[in-house]
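Participant: Residue numbers (our numbering): -15 to 98.
Certain hints may be false.
[Said to hold, decoys possible] Capping the alpha-carbon separation at 16 Å, the derived lysine to aspartate or glutamate pairs in EDC-like fashion look like this:
hint	residue 1	residue 2
1	K47	E29
2	K26	E71
3	K47	E9
4	K47	E69
5	K47	E71
Because the hints were derived from the structure by calculation, they are not lab data. Being a predicted model, the structure only gives us computed values, none of them experimental.
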Amino acid sequence: VQLQASGGGLVQAGGSLRLSCAASENIFSINAVGWYRQAPGKQRELVAGITSSGRTDFADSAKGRFFIYRDNAKNTVYLRMNSLEPEDTAVYYCYANTTGGTYWGQGTQVTVSS
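Start from the sequences and build out the full structure, keeping to the hints where you can.
Facilitator: Set out below in C-alpha cells:
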C-alpha cells in the first residue's frame, strides 16, 4: 500500500487545516487508516484512526476538535483539524494497518503559531 499525505502548513492558533491521505488501494481492504504525529523531542503518538467498518478513534487531545472521515470513491481519508493549538505543531504521518503489515506515508508538517 502506498500512501500520499498532503494538507499540512502554517496556521494561526484557532485556525483549521485538513490533511489528506490517499491510498493506492481500495480503503475497504485496509483494516484501518489514520494519523500519527511526532513533535520535536517527543514520541510519535496516535492522533486519529478510522477502520474499514467506520469506527473512529481519537487521542484525548483531539476529541471534539479533530474529525476523521473517508471518501471511498477516492480511496482517501481526511483529518479535519479545528481549533488548532500551538501544541498541535508536529509532523503528521498517515498510516494504514493491513493484514500484511503497517504502511506509512511521508510526513506533512503542521505548524500552529500563537
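Participant: For each hint, tell me whether it holds in the structure or not.
Facilitator: Hint-by-hint comparison with the structure:
1. K47 <-> E29: holds (14 Å)
2. K26 <-> E71: Judged against 16 Å, a Cα distance of about 12 Å means the pair holds.
3. K47 <-> E9: Distance of about 28 Å is beyond 16 Å: violated.
4. K47 <-> E69: holds (13 Å)
5. K47 <-> E71: With Cα atoms ~14 Å apart, K47 and E71 stay inside 16 Å; holds.
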